[in-house]
Every structure is written in structure tokens, then in C-alpha cells.
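*Asks:* Protein sequence lines correspond, in order, to chains A and B.
So the first sequence is numbered by my numbering: it starts at 1 and just counts up by one.
So the second sequence is numbered by my numbering: it starts at 1 and just counts up by one.
Calculated from the structure, these hints are not laboratory results.
Ideal placement from N, C-alpha and C gives every residue a C-beta, glycine not left out.
Misleading hints may appear alongside valid ones.
Said to hold, decoys possible - Calculated from the model, a selection of chain A residues having no Cβ within reach of chain B, i.e. all distances over 12 Å:
| # | residue |
| --- | --- |
| 1 | L24 |
| 2 | D57 |
| 3 | A64 |
| 4 | A159 |
| 5 | E174 |
To be verified - When the alpha-carbon atoms are kept at most 20 Å apart in a straight line, the in silico SDA-like pairs for lysine to any residue are as follows:
| # | chain 1 | residue 1 | chain 2 | residue 2 |
| --- | --- | --- | --- | --- |
| 6 | B | K68 | A | R59 |
| 7 | B | K37 | A | S157 |
| 8 | A | K139 | A | R158 |
| 9 | A | K6 | B | L71 |
| 10 | A | K75 | A | E11 |
| 11 | B | K61 | A | E11 |
| 12 | A | K75 | B | R7 |
| 13 | A | K6 | B | D64 |
| 14 | B | K147 | B | L135 |
| 15 | A | K75 | A | G146 |
| 16 | A | K6 | A | K75 |
| 17 | A | K139 | B | V14 |
| 18 | B | K68 | A | A5 |
| 19 | B | K22 | A | G150 |
| 20 | A | K75 | B | P182 |
| 21 | B | K147 | B | L175 |
| 22 | B | K153 | B | R166 |
| 23 | A | K75 | A | D33 |
| 24 | A | K6 | B | R72 |
| 25 | B | K37 | B | S53 |
| 26 | B | K22 | B | P12 |
| 27 | A | K75 | B | K147 |
| 28 | B | K68 | A | G58 |
| 29 | B | K68 | A | E32 |
| 30 | A | K139 | B | Y13 |
| 31 | A | K6 | B | R47 |
| 32 | B | K22 | B | R7 |
| 33 | B | K147 | B | I195 |
| 34 | B | K61 | A | S175 |
| 35 | A | K6 | B | R79 |
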Amino acid sequence: LFGAAKFSRFEQAILPHLDAAYNLARWLMRDEDEAADAVQDACLRSLRFIGGFRGGDGRVWLLAIVRNTCYTRLKRGAVRENETDFDDELHSSEIDSPNPEILLERTRDNEALRQALEGLSEELREILVLRELEVMGYKQIAEVAGVPIGTVMSRLSRARRRLQQVFTVRLRKESQS
Amino acid sequence: LICEDARLLLHPYVDGELDLVKSLELEEHVITCVSCKREQLTLGALRMALRNSTLYRDAPKRLDRGVKAALRDARRIQRGSDFLFPYLGWAGATAVLLLTLITVRGVLPRGRSLSELTVRELIDDHLRSLTQHHLTDVPSSSQHTVKPWFDGKLSFAPPVSDLGSRGFPLLGGRLDYLDNRPLAAVVYRRRQHIINLFVSPAWHTQMTHRR
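Next comes chain A alone, as it looks inside the complex:
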């Protein structure tokens, strides 16, 4: 693509997804400024490679680039924080599902929900953000994250299980004190 066509394609297909781009970057970088820098960077990149965009879902295309940019930047940052990790070996059926009504009540507290989401490892966090905040289907998520649909499904169930664990532990602590 040359000249004006390149820019108009970018403006029509890519630019409308700036919010989606920032939302993903914000959750991956966990920092407003870092996220804004990453998105700006990703937009310049996507403009450069817009010739490779063959129509289709501009949001998926842009988010894949944003994700890539974020991971590159996270790697550069070298010092990765220790993620809140839970025992992954625990089988889902061994964990009591917390009482749905109480869970719903508790998670109205956005701050608690934010902390729980930020506590997930990046690979789980991004899948959950794409699914629940961006409301993407499995196929789209798979394209953005560059993994098979089966992986999306298993990560999604792991992510949700961990969030449930966080709130179960929280509820248990509260009932003890």
C-alpha cells in the first residue's frame, strides 16, 4: 500500500480500536504511562505494516500487535514482579465454589476485583481481559494471543479458578476474624 490509501485504511480499520488497544495494554503493563507508550508504539508499527492487513477484524489485528509490543517492553523491563501464585495442581472439583450470591456481593468492590485480576500471571490475565472486558470470542482471543483455541479454553478456566480462589480465601479470612 502506498501513500494516502495506507493512511485511510489505518484511520478506518485500526484507529477506532484505540480504546481496546489501551485497555489490553493497561492490564498487561499495569501502569498508565507504560500502557500509553506501548499503544503509541504499536500504532506506529501497525501503520508501518498496514499493507499486511488484509481486511477482516481490525481490532484483532491491532490487539495482536499491542500484545506483542507489551511483551517486548515487559521483557526489557527485566525485573518481573513476583506474581501472586496459587497452587495450580489443585483440581477444580476439590475447591468449593464460593457461594455465588456472596461472591457477587463481594466483587461489587471494584478495588478487590482489580487487585485479583492484576494478581494473575500475564498469560491468564490477558485471556480474561479479552474475554470478559473486551467480550471477544474464543477464536478472536486465540488470534490475538497466537495460541490454539484449546489453550484459550484451558487458560480461561485456570484464570477463573484463580479468581474464585482469591475470593474464597478472602471470604474465609473474613469469617474467621
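Got chain A; can you put chain B on it based on the hints?
*Replies:* Quick look at chain B alone, frame taken from chain A:
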């Protein structure tokens, strides 16, 4: 359907990604199984919580402005390049590009040139430094502050000179990237213009990019 399978199917079920036959099987199971029913409700509650939350982050205004500004710049550059400088993709009414290719030792070996992609990446680095909030990582007009700042961040020591007396005051230094390798950006100012001097090791190139 046994519970173990039902638990796995619950996720695609609540996500609306399960086919009809499996969905019916699952619904049948959930009617009779209290613990799976509870799990289904829990997943539903979690979904509601996330969907109703204020956790979606919209792009801030300044990002929107920044991207549009970068787009305008790129467009201007492109417009100029269409008839002036098709290879480098550069020129424009207000933009002046000065490329000096010198290795640290002296003159660039003949026949060596930067790829178009490299040039674009450097231009992107430059544009980014202008539109984003951090032009410098170490803002200082003193070469004795800027030079040591690069110690340990790069595998080489970039030359930092004080050109203030000649009308190019030093603004500071920044770590930037080219082709995913770190390089030094020494930032000077000439009246209202920002100059990024990108320095990479001798086996690369040294270049100035002025605007």
C-alpha cells in the same frame, strides 16, 4: 455426563461457545447435580461482576492526541517522499532531515547503507520522543551527568559533548531501541528544534537525525 467433564464444559457453555448437543447434555446434568449447578452460578456471578465493573480502561485523551499527531507527521513525511525522496520516505515543508553516517572510527565503509526499515524505525524513535512524555531519561545539560548515566545500561560508552556554546544546548540522554538492541539517544536542542543523536556501536552506524 460425569462431573469432571461437566466442569470443563461449563466454561464454553457460559461463554456461548458450546455446540447445541453438548449444551443440552450439560443442562440436563446441571439440573440434577447440585455442586455443578453451584459452579455454574459462581461462574455467572464472576462474569457479571467483571462485566458490570468499571475495570475497562478507555484510552486517555492525550494518547488519542499523540497517535493522531504521529499520524499527521507520518502523512506529511509520506506526502513529501512521494515526489522527493521515494527511498528514504522523507521530506516535508517543516521537516528537515539530516542524515550523517559516520562510524565511530571515521567514514562509513563504502557501499554500506541503512535499510529502509532501519531508517523508518529511527524516524519512529524520533517521533515517539517528541510526542510522548519522556524525551529524556536523564534530563541534564551537563555532559558529566549524562555520560555516566549510560554506564551499565549499554555495552559501549557513547560520546556526549557539550555543544551549548555553539548553539546546541544539551537536554539529556535517553535509552532507545533499534531492532530490539539498546542504543543511546543524546538529545540536543537548536532553537525550537529537538535533535536526537542516536549512537550505536562501531559495527553499526552512528547517525544524526535532525528536525
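*Asks:* All hints are to be evaluated individually against the structure, with a verdict given for each.
*Replies:* Hint check results:
The Cβ of L24/A sits about 9 Å from the closest Cβ of chain B, inside the 12 Å cut-off, so the non-interface label is violated. The non-interface label for D57/A is consistent with chain B: the shortest C-beta to C-beta separation is roughly 17 Å, beyond 12 Å. Every beta carbon of chain B lies more than 12 Å from that of A64/A, the smallest distance being close to 17 Å; the non-interface claim holds. A cut-off of 12 Å between C-beta atoms contradicts the statement that A159/A is not in contact with chain B; the least separation is 10 Å.
Listed as outside the interface, E174/A is consistent with that label: its C-beta sits roughly 17 Å from the nearest C-beta of chain B, beyond the 12 Å cut-off. Of the pairs offered as hints, the one joining K68/B and R59/A holds, with about 18 Å between alpha carbons and a cut-off of 20 Å not exceeded. Under the criterion of a C-alpha separation no larger than 20 Å, the hint pairing K37/B with S157/A is consistent with the structure, at around 16 Å. Using a Cα cut-off of 20 Å, the hinted pair K139/A and R158/A holds, with the two alpha carbons roughly 18 Å apart.
Distance hint between K6/A and L71/B is fulfilled; the C-alpha atoms sit about 11 Å from each other, no more than 20 Å. At roughly 30 Å between alpha-carbon atoms, K75/A and E11/A are farther apart than 20 Å, so this suggested pair is violated. Distance check on the hinted pair: K61/B and E11/A sit about 17 Å apart at the alpha-carbon level, within 20 Å; holds. A threshold of 20 Å between alpha carbons decides the hint, and for K75/A with R7/B the separation of about 35 Å lies outside it, so the pair is violated.
For the given pair, K6/A sits about 19 Å from D64/B by alpha-carbon distance, which is consistent with the 20 Å threshold. Under the criterion of a C-alpha separation no larger than 20 Å, the hint pairing K147/B with L135/B is consistent with the structure, at around 16 Å. A C-alpha spacing of about 18 Å is found between K75/A and G146/A, which places the hinted pair at or below 20 Å, so the restraint holds. Between the alpha carbons of K6/A and K75/A the distance comes to roughly 31 Å, so the proposed pair goes past 20 Å and is violated.
With a C-alpha separation of about 16 Å, the suggested pair K139/A and V14/B falls inside the 20 Å cut-off, and the hint holds. A threshold of 20 Å between alpha carbons decides the hint, and for K68/B with A5/A the separation of about 16 Å falls inside it, so the pair holds. In summary, the hint linking K22/B to G150/A is supported, as the alpha carbons are separated by about 16 Å, within the 20 Å threshold. For the hint pairing K75/A with P182/B, the CA-to-CA distance comes to about 13 Å; that is within 20 Å, so the pair holds.
A threshold of 20 Å between alpha carbons decides the hint, and for K147/B with L175/B the separation of about 12 Å falls inside it, so the pair holds. Restraint check for K153/B and R166/B: the C-alpha separation of about 29 Å exceeds 20 Å, so the hint is violated. Proposed proximity of K75/A and D33/A is supported: the alpha carbons are some 17 Å apart, at most 20 Å. As the CA atoms of K6/A and R72/B are separated by approximately 13 Å, the hinted pair is consistent with the 20 Å bound.
Distance check on the hinted pair: K37/B and S53/B sit about 24 Å apart at the alpha-carbon level, beyond 20 Å; violated. For a cut-off of 20 Å, the pair hint linking K22/B to P12/B stands: about 10 Å separates their Cα positions. Restraint check: the Cα-Cα separation between K75/A and K147/B comes to about 25 Å, which exceeds 20 Å; the hinted pair is violated. For a cut-off of 20 Å, the pair hint linking K68/B to G58/A stands: about 17 Å separates their Cα positions.
Pair hint K68/B plus E32/A holds up; C-alpha atoms about 19 Å apart against a cutoff of 20 Å. A C-alpha spacing of about 15 Å is found between K139/A and Y13/B, which places the hinted pair at or below 20 Å, so the restraint holds. Proposed proximity of K6/A and R47/B is contradicted: the alpha carbons are some 39 Å apart, above 20 Å. Note on K22/B and R7/B: the hinted pairing holds, with a Cα-Cα distance of about 13 Å set against a maximum of 20 Å.
Distance restraint check for K147/B and I195/B: the Cα-Cα separation of roughly 17 Å lies within the 20 Å cut-off, and the hinted pair is therefore satisfied. Under the criterion of a C-alpha separation no larger than 20 Å, the hint pairing K61/B with S175/A is inconsistent with the structure, at around 43 Å. A hinted pair counts as satisfied when its Cα atoms are at most 20 Å apart, and K6/A with R79/B qualifies at roughly 12 Å.
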